[in-house]
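The residues making up each chain are set out below.
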Amino acid sequence: DTGVSQNPRHKITKRGQNVTFRCDPISEHNRLYWYRQTLGQGPEFLTYFQNEAQLEKSRLLSDRFSAERPKGSFSTLEIQRTEQGDSAMYLCASSSTGQGDNQPQHFGDGTRLSIL
Amino acid sequence: KQEVTQIPAALSVPEGENLVLNCSFTDSAIYNLQWFRQDPGKGLTSLLLIQSSQREQTSGRLNASLDKSSGRSTLYIAASQPGDSATYLCAVYTDKLIFGTGTRLQVFP
Chain A
1 DTGVSQNPRH KITKRGQNVT FRCDPISEHN RLYWYRQTLG QGPEFLTYFQ
51 NEAQLEKSRL LSDRFSAERP KGSFSTLEIQ RTEQGDSAMY LCASSSTGQG
101 DNQPQHFGDG TRLSIL
Chain B
1 KQEVTQIPAA LSVPEGENLV LNCSFTDSAI YNLQWFRQDP GKGLTSLLLI
51 QSSQREQTSG RLNASLDKSS GRSTLYIAAS QPGDSATYLC AVYTDKLIFG
101 TGTRLQVFP
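Those sequence lines, one after another, are chains A and B.
Going by the working numbering, the first residue of the first sequence is number 1, and it counts up by one from there.
Going by the working numbering, the first residue of the second sequence is number 1, and it counts up by one from there.
Hints should not be assumed to be uniformly reliable.
Partial chain A-side listing against chain B, Cβ under 10 Å, derived [what the hints assert, rightly or not]: (1) Q37; (2) Q41; (3) P43; (4) L91; (5) G108.
None of these hints come from the bench; they were simulated from the model.
For glycine and all other residues, C-beta sits at the position ideal for the given N, C-alpha and C.
Please model the complete structure; the sequences and the hints are all you need to start from.
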């Protein structure tokens, strides 16, 4: 079990640039979630996929954000025209649906984004 | 709208003490409740998951209880150690995880 893997671990970029993060879930997990966490706060839900279908998006996910999971395995989260307020830790989690919805979510170590 | 609150926000105790961390939620229609640990700059490590039909779960020195009707959960840590120092987050699962803001725990030798 290799766990949930996120890359890169850190990203520093100038305001206005585009950034893309990658998440590789646990291989047998069909659900994948993205969360954002700012300093001193708990993570906030952004979006989730079941296989390749994006089933829900938070209103936190503005038009500048897009997430994909093209083959139902890894996922990417892209932020276009980054703003200072996008600075946060972006966390990915995965879970299975083998016994319905009551499965624990397993988190990666996150990608910390800093906007200069 | 589901809201999750954790108290205290921070806690500093000497090694060996037994601790209780509190979590409350406003809507009892949840599938489960999960407690996580987060070390600085790291992701979340799942500690315990309590199904909505369960009252408690135990793992080693950790015990979590759930009272869905009153919207409360507690995480009990027995015989605390410096290695327990971290932020502890609770989250309720409806169709997504909704987190509290966490309790920052420091256990000093």
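Cross-check of the supplied hints:
1. Q37: With a closest approach of 8 Å, the A:Q37 hint holds.
2. Q41: 6 Å, holds
3. P43: The hint holds - A:P43 has a Cβ within 10 Å of chain B, the shortest such distance being about 5 Å.
4. L91: 6 Å, holds
5. G108: Holds: closest Cβ of chain B sits about 5 Å from A:G108, inside 10 Å.
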